[in-house]
Amino acid sequence: MSSIINPKQFQIPRIFPRPMSHSGIWYWLGTVDHKKIGTMYGIVSFFWFIMGGIEALLIRVQLSHAEADIISPELYNQLFTMHGTTMVFLVVMPLSAAFFNWLVPLQIGARDVAFPRLNALSLWVFIFGSILMNISWLTGEAPNGGWFGYPPNSTVQFNPGNGMTFWVLGLNVLGVASIAAGLNFIVTIINMRAPGMTMMRMPVFTWMTLITSILIVLALPVLAVAGIQMTGDRVYGTNFFNSEAGGDPIFWQHIFWLFGHPEVYILILPAMGMVSEILPTFARKPLFGYTFIIFSGALIGFMGWFVWSHHMFTVGLGPAANTAFTLSTMLIAIPTGVKIFNWIATLWGGSIKLTTSMLFSIGFIAMFTIGGLSGVTHAISPSDAQQQDTYYVVAHFHYVLFGGAIFAIFGGLYFWWPKFTGYFLNEKLGILNFILMMIGFNLQFAPMHWLGLDGMPRRIYTYAENMGWELSNLAATIGGFLIAISVLIFLINVVISRINKKLASGDPWDARTLEWSISSPPPHYNFVKIPQVEHIDDWWYKKYPGLLEGSPKQNKSPNATVEDTSNVDESKIHLPDLSYYPLFVGIGLSLAALGVIYTYALVTIGLILVFWGCIGWSTEPVNEPHKKHH
Amino acid sequence: MFSNRTGLIFNMALMMLLSFALMSCTPENPQSTFDAQGPISEIQKNLFLFTFWIAVIVFIVVEGAIIFVTFKYRRKNDDLPAQIHGNLKLEITWTIIPAIIIVIISVPTVFGIWETQVMPDEEDAIIIDAVGHQWWFEFKYPLEEIVTANELHLPEDKNVIVNIESQDVLHSFWIPKIAGKVDMVPNHENKLWFRADNPGIYYGQCAEFCGIVHAMMRFRVIVHTEEDYQRWIEEMRTPPKSVSSGSDEDEGRKLFVGNCSMCHTNDSYKKAAYHKEINSQYNRWEEWKKDKENSAIVSAPNLTHFGNRLTLGAGIKENNYENLVKWIENPDSIKIGTRMKNHASIYNADIKLTDQEIQQIAKYLLSLKPENETTATYNKE
Chain F
1 MSSIINPKQF QIPRIFPRPM SHSGIWYWLG TVDHKKIGTM YGIVSFFWFI MGGIEALLIR
61 VQLSHAEADI ISPELYNQLF TMHGTTMVFL VVMPLSAAFF NWLVPLQIGA RDVAFPRLNA
121 LSLWVFIFGS ILMNISWLTG EAPNGGWFGY PPNSTVQFNP GNGMTFWVLG LNVLGVASIA
181 AGLNFIVTII NMRAPGMTMM RMPVFTWMTL ITSILIVLAL PVLAVAGIQM TGDRVYGTNF
241 FNSEAGGDPI FWQHIFWLFG HPEVYILILP AMGMVSEILP TFARKPLFGY TFIIFSGALI
301 GFMGWFVWSH HMFTVGLGPA ANTAFTLSTM LIAIPTGVKI FNWIATLWGG SIKLTTSMLF
361 SIGFIAMFTI GGLSGVTHAI SPSDAQQQDT YYVVAHFHYV LFGGAIFAIF GGLYFWWPKF
421 TGYFLNEKLG ILNFILMMIG FNLQFAPMHW LGLDGMPRRI YTYAENMGWE LSNLAATIGG
481 FLIAISVLIF LINVVISRIN KKLASGDPWD ARTLEWSISS PPPHYNFVKI PQVEHIDDWW
541 YKKYPGLLEG SPKQNKSPNA TVEDTSNVDE SKIHLPDLSY YPLFVGIGLS LAALGVIYTY
601 ALVTIGLILV FWGCIGWSTE PVNEPHKKHH
Chain D
1001 MFSNRTGLIF NMALMMLLSF ALMSCTPENP QSTFDAQGPI SEIQKNLFLF TFWIAVIVFI
1061 VVEGAIIFVT FKYRRKNDDL PAQIHGNLKL EITWTIIPAI IIVIISVPTV FGIWETQVMP
1121 DEEDAIIIDA VGHQWWFEFK YPLEEIVTAN ELHLPEDKNV IVNIESQDVL HSFWIPKIAG
1181 KVDMVPNHEN KLWFRADNPG IYYGQCAEFC GIVHAMMRFR VIVHTEEDYQ RWIEEMRTPP
1241 KSVSSGSDED EGRKLFVGNC SMCHTNDSYK KAAYHKEINS QYNRWEEWKK DKENSAIVSA
1301 PNLTHFGNRL TLGAGIKENN YENLVKWIEN PDSIKIGTRM KNHASIYNAD IKLTDQEIQQ
1361 IAKYLLSLKP ENETTATYNK E
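Chains F and D, in that order, are what the protein sequence lines are. If you're matching positions, the first sequence starts at 1 in my numbering and goes up one per residue. If you're matching positions, the second sequence starts at 1001 in my numbering and goes up one per residue.
Warning: the hint list may mix true and false statements.
Claimed, not checked - Sample of chain D residues with no beta-carbon within 10 angstroms of chain F, all distances over it, derived:
1) S1295
2) I1316
3) Y1321
4) K1369
Stated by the list, open to error - Listed next, the in silico SDA-like pairs over lysine to any residue satisfying Cα-Cα at most 25 angstroms (straight line):
5) D:K1191 with F:V622
6) D:K1317 with F:E74
7) D:K1072 with F:F251
8) D:K1317 with F:L327
9) D:K1292 with F:V156
10) D:K1352 with D:S1295
11) D:K1326 with F:N466
12) F:K572 with F:K502
13) D:K1292 with F:G237
14) D:K1292 with F:T139
15) F:K353 with D:I1084
16) D:K1290 with F:A464
17) D:K1290 with F:H524
18) D:K1341 with F:M312
19) D:K1158 with D:H1085
20) D:K1072 with F:D510
21) D:K1317 with D:I1201
22) D:K1254 with D:R1231
23) F:K502 with D:F1111
24) D:K1289 with F:E244
25) D:K1191 with F:M312
26) D:K1292 with F:G318
27) D:K1326 with F:I492
28) F:K353 with D:N1087
29) D:K1191 with F:K428
30) D:K1076 with F:I431
31) D:K1076 with F:I50
32) F:K428 with D:F1071
33) F:K556 with D:F1111
34) D:K1191 with F:I431
Don't read these hints as lab results, they were simulated from the structure. Even for Gly, the Cβ is constructed at its ideal location relative to N, Cα and C.
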């Protein structure tokens, strides 16, 4: 059958001219370059990191002493709800996405991701989704039902304001961004590897990105289902979770945690990938047990699907279910332990240079181990009945997600900053940043183990004086402010390093993977010549070919030099032109979601934007025919 | 230069562990899980400590190894170290070691699950129905036909089976010194059993986020000797001391009947009052569900023998005249967001109580004590 309209000829009328310039604000709004998109992911999610941090500080101020009256209970509930939601969905996930974007094409020797405009769509949907969720602060009705949103407390029957509607719609919109990004990276990693880069020659960070992306593509739709059901309950009078009409609140818990536990690994696997790149670089040794690290990562991702009910040990599922989920949860300790031992073995016998990124990475292993061990104590479901919903849990997952994910991300920032920008972050400030963060982090979260065992429940805005919780809480609050100072030092570092640029070469750390074989920052086409890959850590062995013959010859090969971009004919390099359509679709989605709360007029406008954007996008040629290629 | 700093960091980690060990010696705190006062919390504590000490060994080995390699293998020159890619034997070893540890931990754990969760014989157990409400606890004794709120009275050394449910949102029933928590879920009947070894007053607290004043949903468990417990049962079936007509208490009684009694029952000592209260509580709930904004009636704690209660506001303040007056004047001054403040006509309609009337109600409520009250030892905290 022949179609009436040939999409190659058909184009909808353009309201805005296609952006062609490679500078200025319009370039950033229309860019499809994975590096620019990564940068924007990083900046926006770091902004939310600061907002989430301020929320945490307010919580800590209120809890600094007993019977404090600084923050109202309603505001307190909003703060902890948005702190959790922000840190999970607007910070750790998109910060990881910033690294996926920047590094995956560079590590596999590609010019961009598989679907550059879809990538831009993920970014814009994330940005506007995050704004949508936080607009609720301005209306005074921020979400207040916890980041877990348990009904019936989150149902319209018990929580009639708009807060939780903002929350659930925000999650739905953000889910679109994550799923699109997940698909994009799966396709990119499977299809766009440079010749010779077999799966088992891929850098570990790319491997972890692949596993994370598979988890995202499988887990986020589960959240989407729950989110749509909750939207139905809150806006359209359905009764999925409304216990008054026979709906079941436990049903929500099962779906939420069926998403929520894989989500934990979505948050931590990228961090593990980063550490697996940094440790070998500064130990000047290959990663110990590459295959074991990869397979234990995959196993963690797989087993993450069989443990969700360990978030529900006190819900009353009965001894058989609790036994099954206790045992499956304990099993995850095995691949996790394997990773930790392999990282230590990587350092063993190495030639270790303690740069800031190395300190953060070693700090990651040390802190993540504590989080892992307290996780095992949580798996013991009978004793978990004492710890569930106490500060012990808060301590546990902050050791995993802050001592784990955030430490690794900071390590990653210091490590790849020269690649991203072409100059180093200041190492002295960096080490100060690390030390303060390490002290502050432990001062804040170590006492929480004790608070939990001493019977302090989570999510309480106040406590009585005679409970014996004051000293630990005060310590935690002081620790929180130390963390804030350390983050401030990081920001100062960013500014100072930008002013006093200490330029970095393409390979400033004598590193191992392909991104270090090109100049810093990389040209927009990444590689002058797509590399031919022969080994794991290909760039390392190009530099030290003697190692391959097992010879003790350890001199750098003079032939391995960072790619020279001075005489490149860019017209021979095919890259897609810019496009505004992902931006329009991103705005449209969030407008439509906002309209669900306020008025169908907005839904209509939003959906028109989405459809117009999608049609415009699908009929837009990759490159403008009459313009010069970039 | 760096070594001192990393040393500092890892010393801190060790200090953390040490301080943790030291701090856990404060079982005197009211909700410490280290002061187990019954077999359930004892099993839970022992399982935790068993796992904890294994974790401590792993912690020392792993963190020790991290510190060791960080100091030992610092870069001394530009030579490349030996390039070792892996070692199958080592990999297998450290896959098997955690597996063995897990098997060791899992055996007592699985026993613990069945020990704590399989209900004992109902024959010689005390049966309690605990119902969570936003933001207070209702306790019913279906066999004894007694109903009370926010204070659970139990005998020592006797198995207790608690049927746990919720009327509105999720709550969690938790007495840290006696038993780990079980969630209170609408339309689900959960069960918890425990035994309290020693008489005393124990703290309980809601542990599942349940709305604006989740932090102020607490309760007390008063464990009596068998003899005292029987006496308490008797007292709960005895009418309160009568108040002389014309006294403040009597005026307070009239005001209570006029303004408070549609939500707060205070005469459940009567015969057949138990089922009546269940019905009333159900009707209040249905009434409130119909119009959550404006309903003049809400589910409310039973106030029978309120004068004997230790606390008011669900375990929030000591139950004395001063606090009670404050509470009736404006519940928000003690606990924000109560249904009473939001629905009772004395706060929301033109009927405002005068200071004197409030004082009279307080005096009346505090006079609600069984007429032949014996000096109960539990009343002195």
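Each hint tested on the structure:
For D:S1295, the non-interface assignment is confirmed: its Cβ lies about 13 angstroms from the closest Cβ of chain F, beyond the 10 angstroms cut-off. Non-interface status of D:I1316 relative to chain F is broken: a Cβ of that chain comes within 10 angstroms, the nearest being about 8 angstroms off. Annotated as non-interface, D:Y1321 keeps its C-beta farther than 10 angstroms from every C-beta of chain F; the closest such distance is 20 angstroms. The beta carbon of D:K1369 is kept farther than 10 angstroms from every beta carbon of chain F, the shortest such distance being approximately 26 angstroms.
Pair hint D:K1191 plus F:V622 does not hold up; C-alpha atoms about 63 angstroms apart against a cutoff of 25 angstroms. Between the alpha carbons of D:K1317 and F:E74 the distance comes to roughly 21 angstroms, so the proposed pair stays at or under 25 angstroms and holds. In summary, the hint linking D:K1072 to F:F251 is not supported, as the alpha carbons are separated by about 53 angstroms, beyond the 25 angstroms threshold. A threshold of 25 angstroms between alpha carbons decides the hint, and for D:K1317 with F:L327 the separation of about 43 angstroms lies outside it, so the pair is violated.
Restraint check: the Cα-Cα separation between D:K1292 and F:V156 comes to about 11 angstroms, which is no more than 25 angstroms; the hinted pair holds. Between the alpha carbons of D:K1352 and D:S1295 the distance comes to roughly 18 angstroms, so the proposed pair stays at or under 25 angstroms and holds. About 21 angstroms separates the Cα atoms of D:K1326 and F:N466, which keeps this hinted pair within 25 angstroms; it holds. About 33 angstroms separates the Cα atoms of F:K572 and F:K502, which puts this hinted pair outside 25 angstroms; it is violated.
Taking the CA atoms of D:K1292 and F:G237, the gap is about 16 angstroms. The hint holds against a cut of 25 angstroms. Of the pairs offered as hints, the one joining D:K1292 and F:T139 holds, with about 23 angstroms between alpha carbons and a cut-off of 25 angstroms not exceeded. In summary, the hint linking F:K353 to D:I1084 is supported, as the alpha carbons are separated by about 18 angstroms, within the 25 angstroms threshold. Of the supplied pair hints, the one linking D:K1290 and F:A464 is violated, its CA atoms being roughly 36 angstroms apart against a limit of 25 angstroms.
A distance of roughly 63 angstroms separates the Cα atoms of D:K1290 and F:H524; the hinted pair therefore is violated under the 25 angstroms criterion. Of the supplied pair hints, the one linking D:K1341 and F:M312 is violated, its CA atoms being roughly 34 angstroms apart against a limit of 25 angstroms. Distance hint between D:K1158 and D:H1085 is unfulfilled; the C-alpha atoms sit about 62 angstroms from each other, more than 25 angstroms. Distance check on the hinted pair: D:K1072 and F:D510 sit about 21 angstroms apart at the alpha-carbon level, within 25 angstroms; holds.
For the hint pairing D:K1317 with D:I1201, the CA-to-CA distance comes to about 15 angstroms; that is within 25 angstroms, so the pair holds. A distance of roughly 30 angstroms separates the Cα atoms of D:K1254 and D:R1231; the hinted pair therefore is violated under the 25 angstroms criterion. The suggested pairing of F:K502 with D:F1111 is violated, with an alpha-carbon distance near 61 angstroms, which exceeds 25 angstroms. Distance check on the hinted pair: D:K1289 and F:E244 sit about 9 angstroms apart at the alpha-carbon level, within 25 angstroms; holds.
A threshold of 25 angstroms between alpha carbons decides the hint, and for D:K1191 with F:M312 the separation of about 15 angstroms falls inside it, so the pair holds. Of the supplied pair hints, the one linking D:K1292 and F:G318 is violated, its CA atoms being roughly 34 angstroms apart against a limit of 25 angstroms. For the given pair, D:K1326 sits about 51 angstroms from F:I492 by alpha-carbon distance, which is inconsistent with the 25 angstroms threshold. Simply put, F:K353 and D:N1087 have alpha-carbon atoms about 24 angstroms apart, close enough for the 25 angstroms limit, and the pair holds.
A distance of roughly 58 angstroms separates the Cα atoms of D:K1191 and F:K428; the hinted pair therefore is violated under the 25 angstroms criterion. Distance hint between D:K1076 and F:I431 is fulfilled; the C-alpha atoms sit about 20 angstroms from each other, no more than 25 angstroms. Restraint check for D:K1076 and F:I50: not satisfied, since their Cα atoms lie roughly 39 angstroms apart, outside the 25 angstroms limit. Between F:K428 and D:F1071 the alpha-carbon distance is near 20 angstroms, which keeps this suggested pair within the 25 angstroms criterion.
Straight-line distance between C-alpha atoms of F:K556 and D:F1111 comes to about 60 angstroms, which puts the hinted pair past the 25 angstroms bound. Proposed proximity of D:K1191 and F:I431 is contradicted: the alpha carbons are some 53 angstroms apart, above 25 angstroms.
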